[in-house]
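A.B. asks: The whole structure should be built from the sequences, with the hints applied where relevant.
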Amino acid sequence: MLRLEKRPSPSAFWEKASPFLAVILTMIAGGIMFWILGKNPFEAIRTIFWDPLFNDQFASYSRPQLLVKAAPLILIAIGLSLGFRAGVWNIGAEGQYIMGAIFCAAAGLAVYPVESRLVFPVMIVAGALGGFLWAMIPAILKTVFRTNEILVSLLLVYVAQNILAMMALGALRNPEGGGFPGSRNLSQIPAMANPELIAGTGMHWGVVAAFMAVIAGYILLQRHILGFQIKLAGQAPRAARFAGVSPARLVILCLGISGALAGLAGMFEVTGPAGQISIDFNVGYGFTAIIVAFLGRLNPVGILFAGLLMALTYIGGELAQFMLGLPSAAIQAFQGMLLFFLLATDLLTNFRIRLGQRKAA
Amino acid sequence: MTGKVLLSVEGVTKAYPGVVANSDVSFQISEGEVHALLGENGAGKSTLVKMIYGLVRPDAGQMTLHGAPYHPAKPAEARRQGVAMVFQHFSLFEALNVAENVALGMENPPPLKALAGRIREVSQEYGLPLDPARMVGDLSAGERQRVEIIRCLLQDPKLLIMDEPTSVLTPQEVGILFKTLRQLASEGTAILYISHKLEEIRALCDEATILRRGKVVATCTPRDRTAREMAELMVGTVLTPPARSGRAKGDTALEVTGLSVASPIPFGTSLKDVSFKVRKGEVLGIAGVAGNGQDELLLALSGELKSAPGAVKIAGVAMGDTGPNDRRRAGLVAAPEERLGHAAAPDMSLVENALLSGVVRKGLTRRGFIDWGAAEVFAAGIVKDFDVRTPGTHVAARALSGGNLQKFVVGRELSQTPSVIVINQPTWGVDAAAAAAIRQAILDRASSGAAVVVISQDLDELLEIADDFAALNGGRLTQARPVEGLTVDEIGLMMGGTHGMEVAHHG
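As you go down the protein sequences, you meet chains D and C in turn. 363 is the number that my numbering gives the last residue of the first sequence; the numbers go up by one with no jumps. 586 is the number that my numbering gives the last residue of the second sequence; the numbers go up by one with no jumps.
Note that these hints are calculated values from the structure, not bench results. Don't take every hint at face value.
As the list claims (entries may be wrong) - Under the rule of at most 20 Å between Cα atoms (straight-line distance), these lysine to any residue pairs were calculated in the SDA-like manner:
{"no.": "1", "chain 1": "D", "residue 1": "K8", "chain 2": "C", "residue 2": "L419"}
{"no.": "2", "chain 1": "D", "residue 1": "K8", "chain 2": "D", "residue 2": "I355"}
{"no.": "3", "chain 1": "D", "residue 1": "K233", "chain 2": "C", "residue 2": "N404"}
To be verified - Footprint (simulated), chain C over chain D, 3 or more residues, beta carbon under 8 Å:
{"no.": "4", "stretch": "4–15"}
{"no.": "5", "stretch": "216–229"}
{"no.": "6", "stretch": "233–241"}
Every residue, glycine too, gets a C-beta built ideally from N, C-alpha and C.
C.D. replies: Pasting the structure below:
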């Protein structure tokens, strides 16, 4: 019989090691799934984790994609992790991401065709503001009317998607696009573009912003009293009130920061890799970032690696679909397993597993 | 009065990882005997009775009941054999009525109507007035305890175990309880009475077994010993009561006027028009049965619960509408009763917990950035000054024993050179030597000019350290009176007498 025994103090070893164990278990369980689907499990795992980086044929294309895909995940996940630590559950980063992109594109296109160095910084501010304002809706509803921020932020994703469609078909549609939906291609307008900074790396301003967010998040949580209050509020809400933390202020702050970062991610995406506002602009970064935040143990450095790993499974998953004919649902299940095993192995931080019966007396 | 041996415990040992809770414990209890189990917190009393009640299994040793081997694997088995227990913390549902609660604790409850009749009969017979139709949420602590006792009595127990039963009672309610217990004993029921209140044991018990660090250190007949002798057996050293030097009383440091706030706690007690004043160098003791507004008063004073600005004045400045950190800046520190989760974050280290309330007065941040070095020094200082037993300041708060964490939490507040100190249950769960040290530290702060409010359910503690005495009863505070010259009867009446039940008691 297996049984769980609570540890007196959380285990520092397992706090670090459990994500690695989760990845290994995911590979094993995923391999079994691929095997049942009639594929060679070793080949499938290799295609997902190895080929995107090291295969001669694909790596030159897929290696830069790693940073392109990881940057929005990391940027959003850093913001979400602050809220998750404080017990503020922003599930609607996808919506804030969309609104950031719309605000940024609208700000840029409003002054088109002005060519000024100031246009891009203004668009950055507009993107952050769009995400921030969209996140303030659940924040204010929660603090004033005590509504549940999980539901409100999630449902606002669908509202944002409809606004996105409306914009792509209406106000932001490219007047020279021959009636096709979608805005002008921002990445081809020099004043608005978010280009690859170093050729062949995938590095763009969003990647820079993601790294800065990691560093800022780390400093906030380790060194700043605000980070301490965030952690305290999540772990012991009554102790946080005793320490003078205002729950309402924390809700506004956490949703505001995560909304602004999600908006920024949308901004860098729409000016760079995506290029334009279109109906299918969003691809689920806001939701996947939730997994990334937890996979990274809500720790900024962990999120950096988790974002890269998650990006890898995306790229590798596409490759596996293309090369091995794996169904896309199998790839999604594989990614889901990662979160599942992560939450399961998480238990090891605070509990130890004992074999055998409770010592009989 | 006492008859043949009912329960015999021989050489019982129980070890947990890291501690031996009971080591070779033996004692006997006869029919009709009231037997005291006496010891400090952590002496092993609870583990011992949990083994008798089938909640814990001993590692070694024998128990016999009526001369037959007795090894209950679970409480239901113990109950079947006539062993019943009233716990210190009640297991009652506040939203259900008395009869429903009693039924939930029974193996095969009779129909509710019949049960209500039985409850009325038993409560009459034993002088424990109780209406089976009342909601438990509306009952006082003393009445809730009666629910638990009656639940036990309905099973016609041969052995009744009572774990610290008087900690929630007023002196008058204690009188009623003792009358009931004596009646039960005279009918042949054996009672195992756990307590560390020595005068009660002298008044009630026939025999006493004294435990210290899991071992039986003495047995005695309580009536033949003084309370002081038993205390020294229990603690193992000679106790020195805290020194009360004459203190100069200064200006009013804390003034509470007409404080009324709704309780944020479900089934909590709202404060109604509470007023008092504490001067520098003065200790105000606030007594009361648990659940009469103590938690709410602490929250309202610490700033976690806001009130009208003028209701709370610190050094003459209206601060009723300010939060905890503003009040800390003004010199007020507070130590809530609940250590884990309220006074301290369980999974955070002692350094982080030192920062939790010490950040303002100890200046542990610079422009919002935490000075971890200074926090570490502060935490280490508390550990040293208050003799907190811990492997280091980086262990999680939850890894500390209750008493050690209490020392840390109280020490953290007292180490901030406060001008006003508010403490709820300063020595709850702390051993006698540490309790004496905490009380001495509180008195020392008062001597150096702090105004102190001690909220406690331990009357002896309040009488020992307080200058003035007041009691909370249903959210109202009585007029404060000087401790000198107060009698136990007067104190009992201030605490609410028997909560309106004295008339109903007969015999």
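A.B. asks: Hints numbered earlier in the text: which of these fail when held up against the supplied structure?
C.D. replies: Violated hints: none; all satisfied.
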